[in-house]
Structure formats: C-alpha cells, structure tokens
Amino acid sequence: MPLVAQVRFSSPLPQLDKEFDYLVPDELQNQIGFGHLVEVPFGLGGKLKTGVVCGIAIDDNPREKLLSIQEVISALPVFTEGQMNLCVAVAERQAGAVGELLSVSIPKRYQRAEAKFENTHASFISVEAAEDATLLSSLQKNQKVYFQPKFLDGSSVAPDWALQIVYACLDQFASGKSSLVVLPDFAELARFERALEHLSATSTGIRHTSSETGSNRYLNHLTAITRVGINYGLRGAAFAPAKNLGLIAIWDDGDESHIEQTAPYWNSREVLLQRAELEQTKLVIASHSPSAEVIRLIDIGYLKHIESIQEPANVVITDLSDRLDAQTFALISTLLSSGKPVLLQIANAGWATALVCVSCKEVRSCPTCAGPVWVDPSGKIRCRSCKLQLELSTCTCGKSSTRPTRLGASAIAKQMERSFPNATVVHSNGENRITSIKSHALLVVATPGAEPEVEGGYSCVLIADAPSMVGSPRLRALEQSLSKWANAISLASSDSTVIFVGLRDDLAQQMKSLAFHEAVQEDYKDREDLGLPPITRLASIISSNPVDHQKLLDAVAESVPSDKVRMLGVTQPNTLVLDFAYSFGIELANILKSLTVKLTASSKSKKPGERVYRINMDDGKVI
DNA sequence: AGCACGCCGACT
DNA sequence: GTCGGCGTGCTC
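Just so you know, we're using the numbering used here here: the first sequence kicks off at 259 and counts up by one.
It is possible that some hints are incorrect.
[To be verified] Each computed DSS-like pair below joins lysine-lysine, with the alpha-carbon atoms no more than 27 Å apart:
(1) K366 to K305
(2) K862 to K822
(3) K435 to K374
(4) K822 to K809
(5) K366 to K307
(6) K822 to K770
(7) K435 to K276
(8) K307 to K672
(9) K619 to K399
(10) K276 to K399
(11) K696 to K276
(12) K307 to K323
(13) K862 to K809
(14) K770 to K276
(15) K856 to K809
(16) K402 to K501
(17) K822 to K879
(18) K540 to K501
(19) K783 to K562
(20) K435 to K562
(21) K276 to K501
(22) K879 to K645
(23) K770 to K562
(24) K619 to K598
(25) K879 to K809
(26) K374 to K598
(27) K598 to K696
(28) K540 to K408
(29) K501 to K435
[Stated by the list, open to error] Pairwise CB distance ranges (calculated):
(30) G629 to D279: 48 to 58 Å
(31) G629 to R691: 19 to 29 Å
(32) P819 to S636: 48 to 58 Å
Derived by calculation from the structure, the hints in this document are not laboratory data. Note that the Cβ used here is the ideal one computed from N, Cα and C, for glycine as well.
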C-alpha cells in the first residue's frame, strides 16, 4: 500500500506555495505523520530541502514520477492541522503565501529540547476552580464578547483585565480545554504573568515568545501541541499550536504592536477572529478603550459588549491651553509633598515638537525634504520624515535663531524638576522606557504608551496634551488617543484624580464620565457617513518602480469590478489604494494575488530578491 | 530560490 | 563549429 505525503516549504515564493506530493518509503512509514519535518529532494538539481508534512494518506494509484522522502527530521510533529487551516485562511485573506506564515507557526527546531521532551512525561497539573467573575460569567452565556475592564486599577496586585482573562482560562482548563491569550508587548505580558502567578496558575501557562532561548521556545511549542494549558505570547502567538482550544483572548487589539510589519501584513485581531471561527472557540477582545473595529463588530451583533463594574472616578476637565493651571499645580504640589505619585502624559518625546523663527514666527522645516523638524531627547534637531539630524539654515526673513513652540516630554521633565524641587522626577519615553517603579514621591513624565506602573497606583493622572493628540490629521487619531489616555488612566489608584487639559464639547462630557466606548462609537458613526474604515476595508499595493506600477493600474482597472472596489487617489508614489466591502475581501485578495504573481513574472525592472509588489490588505496608515 | 534549457552573438 | 550571455520556466 503506497503512502503519499503532502509537503509544504517555508518560502515566500508564490511558485512554491502549494503542496508537493512525495512517496513515503516503507522504512519511514512508522516514524512519520502530519506535522513532521522531512527532508525531500527538490528541484532540478535534486538537492534536499526541508519541508513539513501537511497531509498523509494511502494512495492506491499514485501518480508517476513521484520522488521519495529522504529522511524524517523531527521525531515529533511540530505543526498541527489547526495551525495549517489557520495559515491557509490567513494567507488567502491577506493575499499572501502560506509558506511565509509557516516560519511564524513553527519555531526553530532544537534536537536536545526534543529529546528532553520525549523523555519527560507530561506532568499532571491541578489548579483550583476559578472564582466567579464578570468576564467568566458572561462567557458562560455568550460565545464572543468585547470586555472593558476597570479603569483606575493601579493599586491591584495584577490588573483587572488580566485576572478576568485568567479566570476564564482556568475555567476552560478545568473542563479540559486550552486557551490562547495574545498581548501587545512585553510590559502587558509581564502583567498577564503576574495575574497567572497571583492565581497560582503559572504551571498551566505555556509561553510563546521569541525572547526566551530557542530551545525553551521549541520545548514550549511541543508542550502546546501535546498538553492542554494557557498559551500566551505576543502577536506571533496567534499562530501557536493549542491542544483542544476552547478560548481565545486578545488584550488591547487597537495597539499598533498587534500589526505585523512584514508580508503578508496580518494583525492579531483579524488572525484570531478567523481562528475562533475555524476552531469554534469562545472569543474575548478586551481593552480599556475599544478600537473602531470592535465597535463595528458590536454594531453588527458579532460581539457582546460587557464591562467590569466601574467605581465613580474623580475627573476634572481644565479648559486651558496651559498644561498646568494654578489649581492643578497646587494639587500636584500637595500630592507630591505627601509622598503620592503623579503621572503626566505628554504627547511627544524630546525637547520641542516644532521650531519657529524668533522674528517672523514662521514654522521651520527640513531644508532637504521640507518635512517638520523637532528636537529629539538628546537635544539634536531632526527631521520627522527623513529622520536625519540637521542644521537649520537661516529663515526666509534672514534671521537664524529659533524658539520651540510646543515642548516635548524632555523639556517638561526639566521644567518639572525646577517647579517641584523636592520631588523625584522620572522621565519615560518609547526609546528609553521604564516599566515599573517602587518609590512614592514621584512625578512621572511619560509619552503615550511608555507610562510606568507605580506600586499602589498614581494619585493623579494628568492628560496634558489631549487636544493636540486628537487634532492630528490621521483617520485614527481620536481612537488611538482615547486608547492611550485610557491605558494611562488604568494605572491610577481608585481614589485618584484624573485631569484632562483643554478638552471641550462632547469629548469633554464623555471623558468626564470616562465614557470611552461612547466616544469611539461616535467617531465610528462619523466614519460611517464618510464610508471609511472600518466600515469598509482599505488595501494598499506598493510597486517597486513606476513602470510596474503603471502595469498594475492597467491590470486592476481591467480585472477588478469597479462597482465593488473604489480606487483612491493618494500622494505616496507608486501606491495604489483600494476601498472595498468586507464581503468582497477574499475575492479581491485572490484577484490581486494572481494578478501580481503574473506581473512579477513578466517584470523587466525587478532586482534580485526584491518584491515588485507589496500587498497590504488592511493598511491602517494610508489615510 | 536554484537550476537547466534554449536561442542569440563572439570567438579559437 | 562551440562557448557562454542570461531570459524563461519548472520543481512533486
């Protein structure tokens, strides 16, 4: 009985993105199965290539000239059917190759880790039953939820969201099911691990991150395939194996770290939405402030919105363009002198966001690309678009001296040191991030996303640059600002004062009651009127050169139905932006893929190793 | 990606 | 007459 195996290769090449059939020789038949790594002869040279078995079956009538598998490399399966179905679905949605998702799904193999794993028996883990909690009880009634945890949560041992998710995971575990939790970055991962530890569930955790040693990662991968547990990690973990998966959770889905920056440009939320459908699991999307995509999913009835019970918060809106008015200054002063920590969120890093000429007040720009200039944390003048350090020439009016217009976090930190000489001023920004602090008489100046945790929580959180954050001319400016504010506010203690500087009208009213959900919902309604994402989707295709770009434009005009897809004009060179409905997504991805594969093959101007077309099926940055 | 096949010009 | 240029296309 001839046994035939389907083998896939980890490669971005569309020509190799399919299953190749190989005969399984008799002597290998009892050591091979789905998910094993194998060595097979491939190509005209007959050189050996490593692939993974993606199907194996008895074939009474195998087609002629099949080659044989040379060797079985991994003694254990390293890839599951669940993972393969996910890779195929994601590749199709993203107009990419299954082969380029295999490397995310299968970590590098370590022989010793494999030997060690085979010799240890999977130990039995027992964990106490989970307590009843908001999220858990909701999941008993609903399959898919959006969960908003507590704000002002900084004095808890572990954050509410993490504890609630762990309760839900433990409940799955008790009924013999795995869960998968995807977090945006290592700071959030550390919080999640604290919740696991606090609930004595560390032994059920299976961590999937590239930060640990390679052999450890491989060991955890093998564990996840064979044992039920709580799988967690950063965005790559969305593709991790999980035995008998019952629950998928993603924390802060709107965070940009959930977007993969290499082809095929998937993001955790969309991958996990697909995975929840494929594996028929429960799904939790959780965040302090919802993404617009979440609002859409609630709107169409896909997600049920639930919330932890919120205690009333003391929120103050100051209507001043000054960052600190007299009252705020006095409050901070009092708090600091009684040893309480205060957080100042400043929109931009560095010393100045912009420079103006002292005499004519003109905003100075980069002499080479005319981009905006700023003063970075080391005090150097830099261009925001070409990133280069530069010397400003004289202004058009003839003067050369400049004055900073809007101070950045470095300048504010310096200023605070002068204003509050008895306090310890700590400065944290994206490049130089402090994750947690113990001491108490603290004034922390931080840029959005870089706020450190402080033991016991902040007694005051000041959102100092609210209007300028919201005023940025990007589609997602409001949504992203709200999320950055909400995350900062979550670090406060429950009796804290939250101050928003300079908010007005509806937004001021909404923030007064920390109604983040309503604020994003309103933003969503505005976009609905304009027909912008996430009501529709926006794909971008960037060509490597103008000639191939023109060919693409012609081909798209011919083969993409104009009643289903809108071509948008954009300023970026060699970029095509397409607007389309969710229901047309798969079809469009298929058209774009076959079209670009064909055009790439006939391209004259391609350089070796270079991609002629880069398709991003959900480009969040084009507008 | 490799690697061979193949159809042109320059050479002993 | 044949050596080698790299354009084209295939790999189970």
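Find the hints from earlier in the document that the structure breaks and name them by number, from lowest to highest.
The structure conflicts with hints 2, 6, 7, 8, 9, 10, 11, 14, 24, 26, although it agrees with all the remaining ones.
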